[in-house]
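Engineer: Can you make the complete structure from the sequences, with help from the hints?
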Amino acid sequence: MVSEDHLLAAARWHVRSPSDDMDWDGFTNWLEADARHREAFDAVALDDAALADCRAGVAAALEGGSVDIARSSNDEVTANDDWPATGANSLRWWRWAGGAGAAAIAAGIAAMIMVPGEQPASPPAKQYLASDGARRIVLPDGARVALASGSSLSVAAGDATTLTLKGAAYFDVPHRTDRTLTVRAGDFRIVDLGTRFEVTSTANSLRVTVAEGNVSVRSPRLTKPMRLSAGQGMLALDRENVIEPLKVAPANVGSFRRGQLVYDNVPLAVVAAELGQYTDGRIVLEPGVGQRRFSGSLALGGRGEAVANLARLMDLQLRREGDVVRLSAGGGD
Amino acid sequence: MQRGDESETASIEGLAGALAAHRPELLRFLTARTGDGALAEDLMQEMWLRVREGRPVSIGNPRAYLYRMAQNLVLDRLKEERRRMARDLQWSSSRTDEHGADLDRSDPEKQMIEDERVARFTAAIAALPPATGRAFRLNKIDGLGQAEVAASMGISRSGVEKHIARAMVHLRRSLAGED
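Sequence order for the protein chains is A and B.
Take the first sequence: its position 243, counting from 1, is numbered 242 in numbering that gives the first Met the number 0, and each next residue is one higher.
Take the second sequence: its position 56, counting from 1, is numbered 55 in numbering that gives the first Met the number 0, and each next residue is one higher.
Since the hints were derived computationally from the structure, they do not count as laboratory data.
Among the hints, erroneous ones may be present.
[To be verified] Sample of chain A residues lacking proximity to chain B, with all beta carbon distances greater than 10 Å (derived):
| id | residue |
| --- | --- |
| 1 | Asp140 |
| 2 | Arg175 |
| 3 | Asn251 |
[What the hints assert, rightly or not] A short, non-exhaustive set of chain B residues, derived as facing chain A with CB atoms under 8 Å:
| id | residue |
| --- | --- |
| 4 | Leu26 |
| 5 | Phe28 |
| 6 | Gly34 |
| 7 | Arg81 |
| 8 | Met84 |
| 9 | Thr131 |
| 10 | Glu160 |
| 11 | Ile163 |
[Unchecked claim] Taking lysine to aspartate or glutamate pairs in the EDC-like style, the calculated list, with each CA pair at most 20 Å apart, reads:
| id | chain 1 | residue 1 | chain 2 | residue 2 |
| --- | --- | --- | --- | --- |
| 12 | B | Lys78 | A | Asp47 |
| 13 | B | Lys161 | B | Glu113 |
| 14 | A | Lys246 | A | Asp263 |
| 15 | B | Lys109 | A | Asp322 |
| 16 | A | Lys223 | A | Glu243 |
| 17 | B | Lys109 | A | Asp52 |
| 18 | B | Lys78 | A | Asp20 |
| 19 | A | Lys165 | A | Asp237 |
| 20 | A | Lys223 | A | Asp237 |
| 21 | B | Lys78 | B | Glu24 |
| 22 | B | Lys78 | A | Asp263 |
| 23 | B | Lys161 | A | Asp20 |
| 24 | B | Lys109 | A | Asp279 |
| 25 | B | Lys161 | A | Glu3 |
| 26 | B | Lys161 | A | Asp4 |
| 27 | B | Lys78 | A | Glu243 |
| 28 | B | Lys161 | A | Glu243 |
| 29 | B | Lys161 | A | Glu285 |
| 30 | A | Lys165 | B | Glu113 |
Note that the structure is predicted; figures quoted are calculated from it, not measured.
Ideal placement from N, C-alpha and C gives every residue a C-beta, glycine not left out.
Structural biologist: Structure representation (structure tokens):
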């Protein structure tokens with residue numbers, strides 16, 4: 000059994016590791032000092048990874064009081080149309096969360112403790128699922144959404160302008176001065192100012208591309224909001240903590256609606272993860288393959304067709320094991 | 000990315016250079032982190048491939064970036080190993096471990112395991128002491144950076160670190176206790 004002291008020390012190292020001023024030498028020394036330290040760190044890191052994997056579910060289960068937070072973000076957005084380029088913007092928002100939000104959070108916890116064994120009352124006002132094939136949705140305020148197969152979109156209770164996306168969706172939002180639409184995906188918020196754009200989120204990546212108009216992308220991971228206009232996009236890789244710009248042909252934004260995924264210089268890890276959302280099985284990339292870049296288009300045809308095409312185009316070896324598809328380097332010849 | 004960030008961006012040559020410069024310490028770190036010299040060499044090799052093939056922009060601190068990359072590679076291996084263990088255990092046990100999101104299972108079963116995992120995390124987080132729970136939720140669930148959590152709670156950055164670390168210990172205890 001891992002001791003309490005070791006666990007606490009491990010957790011402290013773990014908490015500091017995302018920071019650029021992490022003491023990596025000290026961490027190495029600590030690991031070398033006692034083999035049990037490694038064991039403790041493994042346990043903490045695995046817990047954290049497991050939580051990250053099911054964060055959306057946990058967030059939904061915990062959030063009874065999400066309505067207020069969503070509404071606050073909306074107010075703040077309308078008040079700051081031009082996105083001041085300092086951190087003060089997001090800071091103000093979250094300082095608010097420290098006030099009323101804390102009460103809402105505390106209330107949520109109290110409610111959960113009082114009814115042990117029951118699911119907390121968390122349901123968003125509405126959740127749309129596209130379990131079999133893409134689905135078209137018209138939101139109450141006229142925004143049109145094409146939700147990709149295997150994806151889900153939730154609308155916050157009491158606030159139809161805050162949407163939470165898992166998977167891929169194309170948004171066509173008429174411009175209105177009295178509201179902005181916010182799409183939440185992982186720890187990013189895509190704020191729309193009247194436009195057409197696509198968002199695809201997977202467990203480890205987020206891709207936003209804009210066909211028309213502008214969107215603003217905000218995240219604790221960005222020092223200031225990123226503004227994207229037609230023909231532009233961004234790709235965030237969670238694992239590497241890297242955000243890079245993308246170029247996109249406006250006509251290819253939301254191409255999943257016609258059964259096609261189009262990429263321009265996107266890492267295979269992202270392509271595979273996005274493709275995985277359309278298939279039942281799991282796509283596993285052997286080490287090294289995920290960093291390769293793919294440019295081209297994949298037809299979302301019959302079962303497994305897209306991944307087979309991807310393998311052929313990238314000269315990868317494809318192996319099926321049950322419903323797992325493995326792609327490794329050096330196929331073809 | 001914004002213009003302002005480009006000044007601190009490491010080019011791909013720069014990153015490869017940094018990897019060469021820090022190779023000995025990274026290898027030592029990987030060895031300590033995995034407890035396996037041969038595996039550490041493998042992972043080092045993988046880092047070379049990634050750095051050569053990747054095209055990242057916006058790297059503030061190449062050394063820290065490389066350490067994090069190494070750290071993530073180890074975690075990936077670890078997760079893979081646990082998944083395999085969970086698969087092997089599948090026949091001898093009706094339960095899965097708390098990390099055993101075994102994706103090879105049937106859909107309803109997968110869903111059940113996923114739901115159970117969500118329920119366990121939710122209960123564990125809800126049971127955290129108030130300030131610890133709030134710091135942890137803002138960081139891990141709402142995705143705020145530690146500095147933003149500190150600002151929103153009006154406490155120091157190291158106070159936030161302590162809360163989150165304590166929360167993770169609580170979590171480990173409560174997840175282990177349910178096994």
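Engineer: Look at each hint and say if it fits the structure.
Structural biologist: Verification of the supplied hints:
1. Asp140: Non-interface label on Asp140/A holds, nearest chain B Cβ at 25 Å vs cutoff 10 Å.
2. Arg175: 27 Å, holds
3. Asn251: For Asn251/A, whose nearest Cβ neighbour in chain B is about 20 Å away, the distance exceeds 10 Å, so it holds.
4. Leu26: 10 Å, violated
5. Phe28: 5 Å, holds
6. Gly34: 6 Å, holds
7. Arg81: Nearest chain A Cβ about 7 Å off; hint holds.
8. Met84: 12 Å, violated
9. Thr131: 11 Å, violated
10. Glu160: 5 Å, holds
11. Ile163: With Cβ-Cβ at 5 Å, under 8 Å, it holds.
12. Lys78/B - Asp47/A: Between Lys78/B and Asp47/A the Cα gap is close to 11 Å, so the pair holds against 20 Å.
13. Lys161/B - Glu113/B: Not satisfied, since the Cα-Cα distance of roughly 29 Å exceeds 20 Å.
14. Lys246/A - Asp263/A: Holds: Lys246/A and Asp263/A sit about 7 Å apart, inside 20 Å.
15. Lys109/B - Asp322/A: 13 Å, holds
16. Lys223/A - Glu243/A: It holds: about 14 Å lies between the C-alpha atoms, which stays within 20 Å.
17. Lys109/B - Asp52/A: Distance ~14 Å between Lys109/B and Asp52/A Cα, so the pair holds.
18. Lys78/B - Asp20/A: At roughly 26 Å apart (the allowed maximum being 20 Å), Asp20/A and Lys78/B break the hint.
19. Lys165/A - Asp237/A: Answer holds: Lys165/A to Asp237/A is near 15 Å, not above 20 Å.
20. Lys223/A - Asp237/A: OK: Lys223/A and Asp237/A at ~18 Å, within 20 Å.
21. Lys78/B - Glu24/B: Cα-Cα ~24 Å, so violated.
22. Lys78/B - Asp263/A: Distance of about 30 Å is beyond 20 Å: violated.
23. Lys161/B - Asp20/A: 16 Å, holds
24. Lys109/B - Asp279/A: Judged against 20 Å, a Cα distance of about 12 Å means the pair holds.
25. Lys161/B - Glu3/A: Holds. Lys161/B to Glu3/A sits at ~14 Å (cutoff 20 Å).
26. Lys161/B - Asp4/A: 13 Å, holds
27. Lys78/B - Glu243/A: 27 Å, violated
28. Lys161/B - Glu243/A: Roughly 32 Å between the alpha carbons, so the hint for Lys161/B and Glu243/A is violated.
29. Lys161/B - Glu285/A: 37 Å, violated
30. Lys165/A - Glu113/B: 15 Å, holds
Checked against the numbered hints listed earlier, the structure breaks hints 4, 8, 9, 13, 18, 21, 22, 27, 28 and 29; every other hint is satisfied.
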